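Those protein sequence lines, which keep their order, are chains A and B. Numbered by my numbering, the letters in the first sequence go through residues 3 to 684 in order. Numbered by my numbering, the letters in the second sequence go through residues 82 to 524 in order.
The set of hints was computed from the structure by calculation and includes no laboratory data. Accuracy of the hints is not assured; some may be wrong.
[As the list claims (entries may be wrong)] Across the chosen pairs, the derived CB separations fall in these ranges:
1. Asn365/A to Met266/B: 41 to 49 Å
2. Asp435/B to Lys207/A: 39 to 47 Å
3. Met266/B to Glu448/A: 27 to 35 Å
Treat the numbers as computed from the prediction; the structure is a model and nothing was measured. The beta carbon of each residue, even a glycine, is placed where N, CA and C say it ideally should be.
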Amino acid sequence: MKKLAISFVLTLLVTVGLFAQVDRSKLPASGPAPEIKIKEAETFTLANGLKVFVVNNTKLPRVAFTLVLERDPILEGDKAGMTGFVGEMMMGGTANRTKDQLDQEIDFIGASLSASSTSLFASSLKKHQDKVLELMADVLYNPTFPQEELDKLKKQSLTGLAQSKDNPQAISSRLAAAVLYGKNHPYGEIETEASINNITVEDIKKYYQTYFKPNIAYLAIVGDMSKAEAEKVVNEYFGKWQGAEVPKFTYPVPERASKRAVALVDRSSSVQSVINVTQPVQMKIGDPDYISSRLLNQILGGGSASRLFMNLREDKGYTYGAYSSIGSDKLVAAISATASVRTEVTDSAVYEFIYEINNLVENGVTQEELDKAKAELSGSFGRSLEQPSTVASFALNIDRYNLPKDYYATYLQKLNSYTVEDINATAKRLIEPDKFIITTVGNGAEIKEKLEQFGEVTMYDNMGFPAKEITMEDESMTAEKVVENYIKAIGGEENARAIQAVKMKLEAEIGGQKLGISMTYNDPEMRYSQSTSVSGMVMQTAVLKDGKGTASAQGQTIEMTSEQVDGQLFSSFFIPELYVFEKGYTAKLDGVQDVDGTVAYKVMFSSPQGATSVNYYAVDSGLKVKNENAVAGDTYFLDYQRKNGVLIPMSQTIKLAMVPMPLEAKVISLEINPPLTEGDFQ
Amino acid sequence: MRKLIALGLLVGVLNTPVLAQKNIEFKEFTLDNGLHVIMHQDNSTPIVVTSVLYHVGSKNENPERTGFAHFFEHLMFEGSENIERGQYMNIIQSRGGTLNAYTSNDITYYYELLPSNELELALYMESERMLHSKVDITGVETQREVVKEERRQRYENQPYGTILPETLVRAYSEHPYRWAPIGSMDHLNAATIEEFQQFYKDFYVPNNATLTIAGDIDYATTESLVRKYFTEIPKGSKEIYRPNVIEPKKVAEIRDVIYDNIQIPAVIQAYNLPPRNHPDSYALSMLSTYLTGGNSSLMTKELVDKQQKALVIAAIPLELEDGGIFIMYGITNMGVEPKDLETEVDKLIKQVQDQGISDEEFAKLKNQMENAIVSGNSTIAGIAENLAEAKVIYGDTQYINQVMDYYSKVTKEDIQRVAKEYLDLNGRVVLYYLPKSAQSATE
Chain A
3 MKKLAISFVL TLLVTVGLFA QVDRSKLPAS GPAPEIKIKE AETFTLANGL
53 KVFVVNNTKL PRVAFTLVLE RDPILEGDKA GMTGFVGEMM MGGTANRTKD
103 QLDQEIDFIG ASLSASSTSL FASSLKKHQD KVLELMADVL YNPTFPQEEL
153 DKLKKQSLTG LAQSKDNPQA ISSRLAAAVL YGKNHPYGEI ETEASINNIT
203 VEDIKKYYQT YFKPNIAYLA IVGDMSKAEA EKVVNEYFGK WQGAEVPKFT
253 YPVPERASKR AVALVDRSSS VQSVINVTQP VQMKIGDPDY ISSRLLNQIL
303 GGGSASRLFM NLREDKGYTY GAYSSIGSDK LVAAISATAS VRTEVTDSAV
353 YEFIYEINNL VENGVTQEEL DKAKAELSGS FGRSLEQPST VASFALNIDR
403 YNLPKDYYAT YLQKLNSYTV EDINATAKRL IEPDKFIITT VGNGAEIKEK
453 LEQFGEVTMY DNMGFPAKEI TMEDESMTAE KVVENYIKAI GGEENARAIQ
503 AVKMKLEAEI GGQKLGISMT YNDPEMRYSQ STSVSGMVMQ TAVLKDGKGT
553 ASAQGQTIEM TSEQVDGQLF SSFFIPELYV FEKGYTAKLD GVQDVDGTVA
603 YKVMFSSPQG ATSVNYYAVD SGLKVKNENA VAGDTYFLDY QRKNGVLIPM
653 SQTIKLAMVP MPLEAKVISL EINPPLTEGD FQ
Chain B
82 MRKLIALGLL VGVLNTPVLA QKNIEFKEFT LDNGLHVIMH QDNSTPIVVT
132 SVLYHVGSKN ENPERTGFAH FFEHLMFEGS ENIERGQYMN IIQSRGGTLN
182 AYTSNDITYY YELLPSNELE LALYMESERM LHSKVDITGV ETQREVVKEE
232 RRQRYENQPY GTILPETLVR AYSEHPYRWA PIGSMDHLNA ATIEEFQQFY
282 KDFYVPNNAT LTIAGDIDYA TTESLVRKYF TEIPKGSKEI YRPNVIEPKK
332 VAEIRDVIYD NIQIPAVIQA YNLPPRNHPD SYALSMLSTY LTGGNSSLMT
382 KELVDKQQKA LVIAAIPLEL EDGGIFIMYG ITNMGVEPKD LETEVDKLIK
432 QVQDQGISDE EFAKLKNQME NAIVSGNSTI AGIAENLAEA KVIYGDTQYI
482 NQVMDYYSKV TKEDIQRVAK EYLDLNGRVV LYYLPKSAQS ATE
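Bound conformation, chain A alone (with noise of 0.2 Å):
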């Protein structure tokens, strides 16, 4: 009894004790560090050569295979773009299947089966293992690359490439390619309408012919299969996959720039200017400074609790966020240091990444930061651990980068053993301060000059490529005189003002559709209408005529404002430069500017009431090239013939802001001087 009374008051105190102990003021202290062990993934090579990693994780009833190609980087030249396409080519149908009829059977079972250039990757409850690597073999053996699949796929890419244009990030991705490896190197080329539009079928088959063997390739099996099993079903499915010798290619190392520079992509719409402060590396897995980067890089931008985050975003509020990357690859990396600021804060913002960056190599990192550094990168390493498939990745780098077979095993003790001297070497061997390339994409007007205390500033444009510096040699030119030789060369004003009426139909065609446009103008009335179509489909109509505008869309028709009607007058001539003079217009000659590849004079023209129209006129042949409207959307000007002594371009690309392609326009029916109805404007 006496005995359980005291254990009875021991549990008592136990308790107290207990609440007792919670001193909040203070962080609890880490428990004792668990064991990490890494599991690893079983291993056999084919014949064929086709090496296998199976990591058997029977917690779920999964299976994945992984088939990656291990082949030098490619230089794809004019045709840069193709490797893009062979993953979806590939899947595009078999000898076996339709694209619906695969597209229905990996769905069938739940299951994901992609491919790249370098990859084939399939996934699928175990009990449908046998399905999906049926699938994935097809893919693999029999794809037949149909025509119509690649001409999908160029649509959307060309789609993609136009939206990419304005798409301040995608220039500066492109633009420090461009200037960290140049555009002779697999990874500093880009791909254009030209370099798209130049891939054929007969390119991505001889590109799967060439690449797709099994002496290049490793296959990863994550999930419920032993190893046993995989031997098994690899021999069944791959066994029979025929190896050939695989072309091999080495590019010349790019160098650092031999002083500080700016590369600059002027876009005038910009409110914010997208900075990257970058420059090459060496630097690949198991190089003796990788492990090391990673902590300098953690230190310096790798997170929000970081240098460049802390100094730009939380101290000066320069940009919702600030950060940096220490590339690796087997052929080259960067280093690189970006945000996108605010336009007017440009320059403190280059400063001070300049400041973070001379301050990191010159005085080192402290102990401190050291320490976190590492539990960040220990937790993050611990954490990946969760997903089975690190394991086969890591068994894929061991064998691809000749790891030392406990590489990953030892990770962390590695990580952890870094002194503050370590990394403050290793930043002086990788970083040279002063060979950076800032690159930047703004506003030029307000940013050029204050980038100039950083280096030579050389422009570029957004696909690139080193913008074209026109000077306009003949200074006595004005608009006038431009607007004189147009009509001119086009055939001269009495032949121009003979063409009093001209009906022209247009076609063009978007997203495997007809779109028609049909024009009635008659100059010397100022009368106007057009109709659009799509598939022989009214959608629109606009009529101007006795200075006033209607426009119709499906089933509705408005008024247009006075203020719309004069936004649309100068398009509403055929020859407007006969006429607007008339009118009131005033021309003003603006320099000359490239117009893809044209040098030309830009002319602006501008209404009584304050409409601005905006045409360029080839400084060589004196014909009108491009018009710009801001509601219309930009139009091109293409293949003049002579029509009743006339010039006229019989093909148009109009670019709209509301459609991402450019539509190529044709001339399909032109009649001049035709007989005019009232109908004809109604």
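Got chain A sorted already, so can you dock chain B onto it with the hints?
Relative to the frame of chain A, chain B by itself:
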């Protein structure tokens, strides 16, 4: 498919006879102050996730003070009596962890993922947040600025970013679901510090919270640590405010045009859904997969691949406690009129309503479902979230192991029936998102 993945994450895996998959095992208990605690042990990786689900979302807000729940998700990282301002994240990160939080119309969810020897730290941090978070002027003003930036980045500057708020405001006339969690900046600016402090007292109380710990843990040690840090937190003194508003059934279509900073038009349709725990939710989720889940799904195949009228098409049931919305959006292909795409979408909806789906398609759906549900519990973070939602939304933690059963009950006929019943053209919202340039051209 998206929906399926989300659903898998939300509700978890169940034992099926075919798969003979293990149940998700867990232990749970409730403290005297009302805090419900769920533990799940999985020692395969030495990491632990600690999460707290507060049963408060934008629907619990005062209509004159929208955005509070989401604002708190920011404010709750400001620190506590013992954690200095701005140090919350730093402390977790410097112990090798990562953390995050989100707010929905129904709940606010916080979690930390740490090495398993840092469990006590995680419990301490969450208990500090629940016991005495800093709710002061400095914190409120700092976070107002951050939330402004977030609005800019995620809504105003993001193409199509306003789809959710613009849809909700039209899909509901009475229910507080009519505003999105981001709420109104004006309301946040107008609110006094006392109002923020009251919100904390009302909703950040143990009897409105569910603490879930999953990963490399020992049940007994974990329970004693939980008691150590959470026992002293006082229970809330008031009943938790939960709106009791029945949204009237809409009888007429609502149609509008939104001009946005976009290049390509989009068509949005939204249909009101039954409450999340309604038996029809499973059939509706399968219907969304039938329509747009995977390359071979009805709408993806027909509208993206064949007709090429849409660049993307997706049907997502946004499931909410009091009844969410079935939202469909399609982005038009080059030069395709929104009207044209909408007509085709409607034709396909009518096809399902009139003809139902084939046996083969139904078998496919079941397989897709099974794969998604099995894959949904592949991480301990996912399991913790599913456990907490099972308890809070479905009323029983064991629900995590019953999801597959509910799906198995759905028949082919159910899918046609819910298509007819819920995808009612007369009660829907239709929005056209058009480029701003189109506005200046027609107005």
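### Query
Does the structure break any of the earlier hints, and which numbers would those be?
Every hint satisfied by this model.
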